[in-house]
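Residue numbers (the numbering used here), protein chains in the order written: chain A, 1 to 134; chain B, 1 to 261.
I should point out that these hints are in silico values taken from the structure, not numbers from a laboratory.
Keep in mind that a hint or two might mislead.
[Said to hold, decoys possible] On the chain B side, residues computed to face chain A include the following (Cβ under 8 Å):
| no. | residue |
| --- | --- |
| 1 | Phe4 |
| 2 | Leu119 |
| 3 | Ala251 |
All values reported here derive from a predicted model rather than from experimental measurement.
Virtual Cβ for every residue (Gly too), placed ideally from N, Cα, C.
One letter stands for each residue in the lines below.
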Amino acid sequence: MSNELEAGRPLSPHLQIYRPMLTMMMSIAHRISGASLAVGFALLTWWLVAISMGPEAYACVAAFFGSLIGRALLLLFTWALIHHMLGGIRHLIWDTGAGFSRTSIEVLAWATITGSIVLTILVWVVGYGIMGVS
Amino acid sequence: MVEFTLPKNSKVTKGKSWNPPAKNAEPGRWREYRLYRYDPDTGENPRVDTYWVDMSDCGPMVLDALIWIKNNIDPTLTFRRSCREGVCGSCSMNVDGTNTLACTMHAEDAKGAIAIYPLPHMPVIKDLVPDMTQFYAQHRAVEPWLKTDSPTPQKEWRQSREDREKLNGLYECIMCACCSTACPSYWWNGDRYLGPAVLLQADRWIEDSRDERTGERLDDLEDPFRLYRCHTILNCTKACPKGLNPAEAIASLKRKMVERA
Chain A
1 MSNELEAGRP
11 LSPHLQIYRP
21 MLTMMMSIAH
31 RISGASLAVG
41 FALLTWWLVA
51 ISMGPEAYAC
61 VAAFFGSLIG
71 RALLLLFTWA
81 LIHHMLGGIR
91 HLIWDTGAGF
101 SRTSIEVLAW
111 ATITGSIVLT
121 ILVWVVGYGI
131 MGVS
Chain B
1 MVEFTLPKNS
11 KVTKGKSWNP
21 PAKNAEPGRW
31 REYRLYRYDP
41 DTGENPRVDT
51 YWVDMSDCGP
61 MVLDALIWIK
71 NNIDPTLTFR
81 RSCREGVCGS
91 CSMNVDGTNT
101 LACTMHAEDA
111 KGAIAIYPLP
121 HMPVIKDLVP
131 DMTQFYAQHR
141 AVEPWLKTDS
151 PTPQKEWRQS
161 REDREKLNGL
171 YECIMCACCS
181 TACPSYWWNG
191 DRYLGPAVLL
201 QADRWIEDSR
211 DERTGERLDD
221 LEDPFRLYRC
231 HTILNCTKAC
241 PKGLNPAEAI
251 ASLKRKMVER
261 A
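This is chain A alone, in the form it adopts within the complex (with noise of 0.2 Å):
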């Protein structure tokens, strides 16, 4: 076979004609939750930056926090958080080599977006209700 030919060859579609699948969308969904805690950790470094600062800077870091699209970041941060630790406990299970059945991993799978939605209420729940703020 000459490399001429195999050169010529097209390339099969792959990403373009399969289906997607649960599981194969929580494998990205943990990279990209992962990759976007580097940004709600710049934001907290901010934050924490703006406290020693002292109270004029605090004041504007916490204004913008205050704000809708403030709010709507940390929100997101927060499942971002929750979804990659989660993820991270299901990669733990199996690592132990158990979890591999047919049913188990779309049982993990639904568990952890279920997990992840239901905590990150719970978390901006308990927050406001201890801060007792609007």
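Using the hints, position chain B against chain A.
Relative to chain A, chain B alone:
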């Protein structure tokens, strides 16, 4: 390398409709198939042609439909097939969005028009026939045979029932490549990552109580790419037409690496 789009020469174009049924055709009698076609002799880009299969004259499996099309409509349609009962692994292809064996898949299990492509992210020789050279070379690389140092016994290499049972779920693999070519890690790094099928085969020999080179075999897999490109995406396990679990075999390999360290 991660490349989400297809190279220029691989972009799929719209092909032709071969035998659209008459308007007054009996409803439900004709089943629509959209097949990936590539002809190396013309050098044109691949295309998707549409065929209609007369279900009153055709068997229930997807492979039956392909053979029907080849016999009745278009003899140039090219695909691999042999045993037609799920033991040879020749007719593996992407049917209705997932990799499977055309011979063991019921056409009824898919809704609407059935789209068929060659195994994903592989060089295409013609139509539904991919070039498996690299896949087989990787299988060869894990040396899938019994390796021993002890003198060969007079009769056979003995194995207890318990040890033999450890090979269940591994020895049944027919090397159809449905799992490996379903794996995004294998798509992006197939030149260095061994892929689920070959790793399951590697585990089959590492798990074998009669094999005496377990350590050496594990050493060969201790590599950021060969084994550890598996990120438990699980497309392999979902695709396997034999109901095996390559993801579990890979997890078992990773665990053996830790346990021996």
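Here's how the hints hold up against the structure:
With a least beta-carbon distance of about 6 Å to chain A, the hint placing phenylalanine 4 of chain B at the interface is held under the 8 Å criterion. Because the closest C-beta pair between leucine 119 of chain B and chain A is about 7 Å apart, less than 8 Å, the hint holds. For the restraint placing alanine 251 of chain B at the interface with chain A, the shortest Cβ-Cβ distance is roughly 6 Å, inside the 8 Å limit, so the hint holds.
No hint from the list above goes unmet by this structure.
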